[in-house]
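Enquirer: Let's have the full structure, built from the sequences with the hints guiding it.
Numbering (our numbering), first residue to last: 61 to 241.
One or more of the hints may lead you astray.
Below 27 Å or equal to it, Euclidean Cα-Cα: the simulated DSS-like pairs (lysine-lysine) are [what the hints assert, rightly or not]: (1) Lys87 <-> Lys111; (2) Lys87 <-> Lys72; (3) Lys121 <-> Lys144; (4) Lys121 <-> Lys111.
Hints were generated in silico from the structure; no laboratory data involved.
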Amino acid sequence: MNCPNCESPQNKLQDITVSTTSVQREKLCLQCGLEFITIEEFISDTFLVRKKDGRKERFNKEKLFNSLAHAAHKKHAVPEALTKLVTEVEDHVVTQGNEIESRLLAEVVMNRLKRVDMVTYIRYAASYRAFVSADELLDDIRTTLDNVTYVPPEQPLLFDVDVVPNTESTNSKTVIRLQSS
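Expert: The structure is reproduced here in structure tokens:
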């Protein structure tokens, strides 16, 4: 690829990152010194999502990103974090075979979301699970909150948050507060 700055075809490969769905190359232009990144994505017509009605359609990263962005609406979600989450889900499901049920795909997404942001998880779950009543939704929320585990500091968060130890009770859970903008 030519340099996006000076159009020189002479560039040097500095680093390469390979995932199950893409290859990312960090390059240095030997003409002007610009560092830039190229991304090659693997597109497979063989990876399909099977819908409830039996239809099959290609896995669509943009559709998943948009549904996550909708669930994270007003949460000050970092687009890069949403993209990373989509890539993690895609990497996981692609390794499982060439087809997945939409219900299972939603479960994979929800399992990752509940470790990152509970409000986004709840909004996503409310869209993709067939809750019969508000009590059923509340039971799911309580169960999920009871199972929240410690997030290691090196794990990037989906949103800007303050993590504060809960010193007000004997319960050892951590209080997570969203930072206000």
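Enquirer: Taking the hints in turn, state whether each one holds.
Expert: Quick rundown of the hints versus the structure:
no.	hint	verdict
1	Lys87 <-> Lys111	41 Å, violated
2	Lys87 <-> Lys72	5 Å, holds
3	Lys121 <-> Lys144	11 Å, holds
4	Lys121 <-> Lys111	16 Å, holds
Violated hint for the displayed structure: number 1, the only one.
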